[in-house]
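Chain R is fixed; fit chain Y with the ligands onto it per the hints.
First to last, the protein sequences are chains R and Y.
Just so we're aligned, residue 17 is where the first sequence starts under the numbering used here, counting upward by one.
Just so we're aligned, residue 4 is where the second sequence starts under the numbering used here, counting upward by one.
Derived from the structure by calculation, the hints contain no laboratory data.
There's no promise every hint is true.
In the DSS-like style, the derived pairs of lysine-lysine whose C-alpha atoms are separated by at most 25 Å in a straight line are [said to hold, decoys possible]:
no.: 1; chain 1: R; residue 1: K309; chain 2: Y; residue 2: K22
no.: 2; chain 1: R; residue 1: K599; chain 2: R; residue 2: K581
no.: 3; chain 1: R; residue 1: K398; chain 2: R; residue 2: K88
no.: 4; chain 1: R; residue 1: K581; chain 2: R; residue 2: K546
no.: 5; chain 1: Y; residue 1: K154; chain 2: R; residue 2: K309
no.: 6; chain 1: R; residue 1: K392; chain 2: R; residue 2: K354
no.: 7; chain 1: R; residue 1: K546; chain 2: Y; residue 2: K142
no.: 8; chain 1: Y; residue 1: K17; chain 2: R; residue 2: K286
no.: 9; chain 1: R; residue 1: K599; chain 2: R; residue 2: K560
no.: 10; chain 1: Y; residue 1: K142; chain 2: R; residue 2: K599
no.: 11; chain 1: Y; residue 1: K142; chain 2: R; residue 2: K398
no.: 12; chain 1: R; residue 1: K88; chain 2: Y; residue 2: K154
no.: 13; chain 1: Y; residue 1: K103; chain 2: R; residue 2: K599
no.: 14; chain 1: R; residue 1: K309; chain 2: R; residue 2: K469
no.: 15; chain 1: Y; residue 1: K142; chain 2: R; residue 2: K602
no.: 16; chain 1: Y; residue 1: K71; chain 2: R; residue 2: K309
no.: 17; chain 1: Y; residue 1: K142; chain 2: R; residue 2: K88
no.: 18; chain 1: R; residue 1: K60; chain 2: R; residue 2: K88
no.: 19; chain 1: R; residue 1: K309; chain 2: Y; residue 2: K17
no.: 20; chain 1: Y; residue 1: K22; chain 2: R; residue 2: K200
no.: 21; chain 1: R; residue 1: K602; chain 2: R; residue 2: K560
no.: 22; chain 1: R; residue 1: K200; chain 2: R; residue 2: K286
no.: 23; chain 1: R; residue 1: K358; chain 2: R; residue 2: K172
no.: 24; chain 1: R; residue 1: K309; chain 2: R; residue 2: K200
no.: 25; chain 1: R; residue 1: K158; chain 2: R; residue 2: K286
no.: 26; chain 1: R; residue 1: K286; chain 2: Y; residue 2: K22
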Amino acid sequence: METAVEKTIIKVGLASCGIAAGAQEVYDRLEAYLAENPLPVQLKQTACIGMCFEEPVVELSGMPQGTITLGKVDADNIIPLINEYIQGGTPASHVILAENCDAPRNELLASQQRIVLSNCGVIDPTSLEDYESQGGYQALRKALAMTPEDIISVVKDAGLRGRGGAGFSTGVKWSFARVAPGDKKYVVCNADEGDPGAFMDRSVLEGDPHKIIEGMIIGALAIGADEGYIYCRAEYPLAVHHLNIAIQSATAKNYLGQDILGSGFNFSLKVKEGAGAFVCGEETALMHSIEGKRGMPTIRPPYPSESGLWELPTNINNVETWANIAWILLHGAEEFRKMGTKDSPGTKVFALAGKVAGSGLIEVPMGINIRDIIYKVGGGMKSALPFKAVQLGGPSGGCIPESLLDTLVDYESINATGAIMGSGGIVVMDTGTCIVDVARYFLNFTQNESCGKCTFCRLGTLRMLEILTRITQGKGEMEDLQRLEDLAMNINKSSLCGLGQSAPNPVLTTLRYFRDEYIAHIEEKRCPAKVCSALLSYRIVEDKCIGCTLCARVCPVNCISGSVKNPHVIDQELCIRCGECFKACKFDAIVRE
Amino acid sequence: MHKDHVNLDALMYKYRDQKGALIPLLQEVQDLEGYLNPDTMRYISAKLDIPVAEIYGVATFYSMFRLKPQGKHIIRICKGTACHVSDVDAIKTALMDYLKLGQGEDTTQDFRFTLVEVACLGCCSLAPVIMIDDHTYGKLTPDAIAGILDKYAY
Ligand SMILES: Cc1cc2nc3c(=O)[nH]c(=O)nc-3n(C[C@H](O)[C@H](O)[C@H](O)COP(=O)(O)O)c2cc1C
Ligand code: SF4
Ligand code: SF4
Ligand code: SF4
Ligand code: FES
Ligand code: FES
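Here chain R stands alone, though its shape is the one from the complex (with noise of 0.2 Å):
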């Protein structure tokens, strides 16, 4: 074998989404190859460059082919890959991006913005040095040199508002907490990304935590803190693991600490993990939760930045809101507006699931709409099934219909469809998803979510609950409706915090593009999705049938007759519409109704 003079190096996206794909076996096994036949090659790691439907990924770099990478690889497979790109081939499967040619996924990433996300499956996350290769800790020695107020301006003048759901002038807030009496002051990384369907956080925390931390350091330069905490959720092992190893790299190089690179200014830095509980990303509940209570909000004002954590001023920022900040030094507010909506300048990271084939973590310019988010970046619908509604922002967001696909992604464009931007979950439903089932999985949720404290919150999501419970069954009425429309109104107006006051949205958002799907529920007592089971038929067609026996054997109350090779009936009146004799047939000769 000819070896080449060149050095390969090998990436295997190590996050925990990569490994949940398979990717410490791919890891592990070319470990063990290295160990057995040496090659001029170095194997890292990284985390996730975010296209998760192609895990596990791989990269090669550092020969003349350039940097190619493979997707959906295994431990089996990846032998003979790594070798042909050693010997200066490029490997004729499994290849996704290429620098010097053509790849399926080549547009999937041109089409996107990398800032917080830039070095997400780029660097490995436990290095520092890695970090600071990629201009990291640049921006923090700029703003070390530069007045608090300096600082502010800059952020206030990019426009960057807060990722984690609101949208606030990051600028603002911190110049709140900046002209706050007192000398002890703190500032929070919320890093509890409760929503389900949502995972950007996750992949910015483990796969470039030291970006974070260099955005925090600087808000607290900016604001004149000295302690910070990130309060991350309990779910996150692998986030609180690389956050750990960041932290005391960078305390070894003082960054952090006292004294932080001889400019007098002291920081230090702590994780807190979260114990499960969604309301706690609320940040006054955050807060609570930090300093080991239970987690329950309570009334604003005073705001944070007035009184915070043991009732000193806080500041607090999402995790992509702060991984914005050291780009914004580094570059300027000008570059920064380049990029976004006069009124939404900058980047937005998306987590895209359900069914669309590119899921995975984008980040695209503000402004962009969400049928291009869908269409381009996301590659369209992953199932034979059309496209029916779109998710945003999670329990306190709404479904959005095809007709309103050509929104701007800003946050007043988004706020006026009733949805919210939310922290930056989309999930793509398809015509087999039922929208009543969807509207009541998040009253669901919220209902278990909500911490007691309000009447309205706790027992108004539980009658409406009940009602959409109701609904799916096919004991819904008309009158039902108004009664929804009714509790959501005083839940929002008698709610203490968001949770309550968002809760009813997805109802209200479903009831007000799909009102049609709810009245076939009542009406007609058809679910047109073919979900709700209660609502649904199973029967046997006769010339279909050639009396396998199959499903008689699967049935599990025995309602299914029939003598072998002749055709089987259903009992209807015995029947618990469990579905399993449908999903036995081989035959096709089941139809659901």
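For chain Y with the ligands alone, coordinates are given in the frame of chain R:
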């Protein structure tokens, strides 16, 4: 009372000067003892001079805390949106069947597994997803469950 408070004392010592340490302390105590039993909570209360009601209040507020013995391995099943629309319910049924859990039960008789529901595991594009201890499994089918769980010996 407790046979052995040494480990507990060591944990309390570790967190002695930290602000807001109750939650991480309880988390480590739970890791140590498997769950938070009333004796332990009373012991911590006396020792740290925190009212029992406050400790109990925290322990019941957060879903991570368990007030009864739990299995050696924790299976977290995702109930997030992406998993919901990818029929995670079928996975749950397969898990319940394999673990022989009835309605309302979450821990196997031999204390090998405890099954809990969580909001979202952050690997939505691999839906449906479960997490066993710290390892995430994605793109599951009901048929794959037995093969995965078999790997976790008592
Ligand atoms: C119920 C509820 C849950 C929330 N969850 C999160 C979350 O997981 N992550 C987050 O950054 N913000 C969350 N927020 C918003 C925070 O309260 C807060 O607005 C945000 O952390 C501010 O940061 P930003 O200005 O950078 O967006 C939540 C709010 C509510 C009402
Ligand atoms: S609105 Fe709901 S979650 Fe928020 S404080 Fe009130 S009861 Fe708690
Ligand atoms: S499984 Fe299908 S073909 Fe076989 S007996 Fe049942 S309906 Fe007929
Ligand atoms: S739906 Fe279930 S209960 Fe009804 S006939 Fe089929 S297997 Fe039997
Ligand atoms: S594969 Fe990592 S976020 Fe999806
Ligand atoms: S919805 Fe299941 S992992 Fe996110």
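**Asked** Can the restraint linking K392/R and K354/R be considered satisfied, given a maximum Cα separation of 25 Å?
**Response** Cα-Cα ~22 Å, so holds.
**Prompt:** Within a Cα-Cα threshold of 25 Å, do K581/R and K546/R meet the stated pairing?
**Reply:** 30 Å, violated
**Request:** Assess, step by step, whether the Cα of K309/R is no farther than 25 Å from the Cα of K200/R, and give holds or violated.
**Result:** 21 Å, holds
**Asked** Is the hinted pair K602/R and K560/R satisfied, with a Cα-Cα distance of at most 25 Å?
**Response** 10 Å, holds
**Prompt:** Does the alpha-carbon distance linking K142/Y and K398/R stay inside the 25 Å limit?
**Reply:** 14 Å, holds
**Prompt:** For the pair supplied as a hint, K286/R and K22/Y, is the alpha-carbon distance within the 25 Å limit?
**Reply:** 11 Å, holds
**Prompt:** Hey, K103/Y versus K599/R, does the alpha-carbon distance stay inside 25 Å?
**Reply:** 23 Å, holds
**Request:** Please work out if K71/Y and K309/R have their alpha carbons no farther apart than 25 Å.
**Result:** Cα-Cα ~21 Å, so holds.
**Request:** Measure nothing beyond the straight line between the CA atoms of K22/Y and K200/R; if it is 25 Å or shorter, mark the hint as holding.
**Result:** Holds - the C-alpha atoms of K200/R and K22/Y are around 14 Å apart, at most 25 Å.
**Request:** Verify the proposed pairing of K309/R with K469/R, using a straight-line Cα cut of 25 Å.
**Result:** The given pair, whose Cα atoms are some 15 Å apart, holds under the 25 Å limit.
**25 Å Cα cutoff - pair K358/R, K172/R** = Given pair K358/R, K172/R holds - Cα atoms ~13 Å apart, limit 25 Å.
**Message:** What's the verdict on K142/Y and K88/R, does the C-alpha distance respect the 25 Å limit or exceed it?
**Reply:** Since the Cα atoms of K142/Y and K88/R sit roughly 13 Å apart, the hinted pair holds (cutoff 25 Å).
Checked against the numbered hints above, the structure breaks hints 4, 5 and satisfies the rest.
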